[in-house]
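Undergrad: As a plain string of letters, each chain reads:
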Amino acid sequence: MRNSLMALTLIALTATGTAAAMDAEEVIKYRNSVMKAYAGHTGAASRIVRGKVDYKDQLGFHATAMRDISLLIEGLFPEDSDFGETRAKAEIWSKPEEYKQAMKDNQQAAEAFLKAVNDGTADAAGFKAVTDSCKGCHDKFRAEDD
Amino acid sequence: MLARALLAIVLVLPVQANAKSDLVEQGRQVFLASNCQTCHTDSDNGGLPLAGGRELRSEFGTYYSPNISPDRETGIGNWSDEDFIRAMREGIAPDGRYYYPSFPFTSYTKMRRADMLALKAYLFSLPPVKNQNRDHDLPLYMRIVPSAKIWNMRYFEPGEFKTDAGQSDEWNRGAYLSQAMGHCAECHTPRKGLGIMIEDKRYAGVQELDGEAVPNITPHGRTGIGRWSIDDLVYFFQSGVTLSGDVTGGKMAGIVDDSLSQLPVSDQRAMAVYLKSLTPVDNEIRKKKKKRKKEEWE
Numbered sequence: 000m001r002n003s004l005m006a007l008t009l010i011a012l013t014a015t016g017t018a019a020a021m022d023a024e025e026v027i028k029y030r031n032s033v034m035k036a037y038a039g040h041t042g043a044a045s046r047i048v049r050g051k052v053d054y055k056d057q058l059g060f061h062a063t064a065m066r067d068i069s070l071l072i073e074g075l076f077p078e079d080s081d082f083g084e085t086r087a088k089a090e091i092w093s094k095p096e097e098y099k100q101a102m103k104d105n106q107q108a109a110e111a112f113l114k115a116v117n118d119g120t121a122d123a124a125g126f127k128a129v130t131d132s133c134k135g136c137h138d139k140f141r142a143e144d145d
Numbered sequence: 000m001l002a003r004a005l006l007a008i009v010l011v012l013p014v015q016a017n018a019k020s021d022l023v024e025q026g027r028q029v030f031l032a033s034n035c036q037t038c039h040t041d042s043d044n045g046g047l048p049l050a051g052g053r054e055l056r057s058e059f060g061t062y063y064s065p066n067i068s069p070d071r072e073t074g075i076g077n078w079s080d081e082d083f084i085r086a087m088r089e090g091i092a093p094d095g096r097y098y099y100p101s102f103p104f105t106s107y108t109k110m111r112r113a114d115m116l117a118l119k120a121y122l123f124s125l126p127p128v129k130n131q132n133r134d135h136d137l138p139l140y141m142r143i144v145p146s147a148k149i150w151n152m153r154y155f156e157p158g159e160f161k162t163d164a165g166q167s168d169e170w171n172r173g174a175y176l177s178q179a180m181g182h183c184a185e186c187h188t189p190r191k192g193l194g195i196m197i198e199d200k201r202y203a204g205v206q207e208l209d210g211e212a213v214p215n216i217t218p219h220g221r222t223g224i225g226r227w228s229i230d231d232l233v234y235f236f237q238s239g240v241t242l243s244g245d246v247t248g249g250k251m252a253g254i255v256d257d258s259l260s261q262l263p264v265s266d267q268r269a270m271a272v273y274l275k276s277l278t279p280v281d282n283e284i285r286k287k288k289k290k291r292k293k294e295e296w297e
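Going down the list, the protein sequences come from chains A and B. Using numbering that gives the first Met the number 0, read the first sequence as starting at 0 and increasing by one per residue. Using numbering that gives the first Met the number 0, read the second sequence as starting at 0 and increasing by one per residue.
Please keep in mind that the hints were generated in silico from the structure rather than gathered at the bench. Do not rely on the hints blindly, as some may be mistaken.
[Claimed, not checked] Computed list of lysine-lysine pairs in PhoX-like fashion (alpha-carbon distance at most 20 Å, straight line): (1) A:Lys51 / A:Lys127; (2) A:Lys139 / B:Lys250; (3) B:Lys286 / A:Lys28; (4) A:Lys139 / A:Lys99; (5) B:Lys286 / A:Lys35.
If we strip away everything but chain A, and leave its shape as in the complex, we get (with noise of 0.2 Å):
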């Protein structure tokens, strides 16, 4: 009994000791394994978007985990996750109405695009609506140089 309630303290106490001083690299590694995920559903759907393959029954986890991600992005880039290894642009921070539009460009397209899959109406231009959107905030905010 005491020791189960010491673990559960031990729990809460590292718990909250990581969500205060979560360092940047990890965050750093973090969003880019998230975004990494976001390439693979990319690639997947859009390869049976092209007909490349018949797996059309499985377009809908791909966009459903494709919408979930766009959600997940506006969490990743924290003040002060600019230091480390990061592609990041600073423009993330010093233009946060301009990044804030280009998440929400991607959480529309990837809103529409699962929509457009559930009612059986998806094509190429919706998905190609999502990668453009991944294409503007890249262009803009992930450096080629910094």
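Fit chain B to the given chain A structure using the hints.
TA: Just chain B now, kept in the frame of chain A:
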């Protein structure tokens, strides 16, 4: 993005009004495939199409692209056909000045005369914009010697693209588009001192070009585009989506948006066919992430 969209509108409208002219339409195709507008428009600062003034940084200094709109005072409105052809083919200005190869005449030299003339007709169909050219910001050693002239005479061989009779029409079209117009090698080929391309590494990628990694686009299985199909390449030219599902940004996004995605599918395919036919070169390029330390004052 918005600037690009605006630019697209401005660039497309005058042609529609002029649709009768086949020459102008042919020139518009050349213009799109050659991606003249990205360098010659200061889109970051709201510059007008082709009015120049875009800052182009390089290891040899900072260049400011000139105004190539048909304005008679500040652009190229007074140029004759021969003036234009000399600039594109030989890298020499009407007044005899030699251009720096920051202007990729080194690739455009391969363009056919008829395409150059069509391109000029298209440029001259666009609205003139008044915008004074700005001097390049180059290190002293490049200013005191006629460095552009020396470079041109020593390292540059002008000459039109030659059709390879041993290859298909599609291949030749793709080679012409990639070499003479899209100037893909200018970024994708590593260089040695003074900017000379390393020939046996043509298209094999550059670890760092102005701070950016440029991938190997020879069909090498592990380090290049060997695993991409022709359709995958066509899809990339249309969307910027790579084989891994990443979406391109940086310099290549401009080329996809302003140039490759605007071409007819037959041209996109031809370029893919050409790239897939190159000799594979084993050259691994890693995308690097810059490590930045927090400064005292931050």
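Undergrad: Look at each hint and say if it fits the structure.
TA: Results for each hint:
1. A:Lys51 / A:Lys127: 16 Å, holds
2. A:Lys139 / B:Lys250: Roughly 11 Å separates the two Cα atoms, so the pair holds.
3. B:Lys286 / A:Lys28: 15 Å, holds
4. A:Lys139 / A:Lys99: Distance ~12 Å between lysine 139 of chain A and lysine 99 of chain A Cα, so the pair holds.
5. B:Lys286 / A:Lys35: 14 Å, holds
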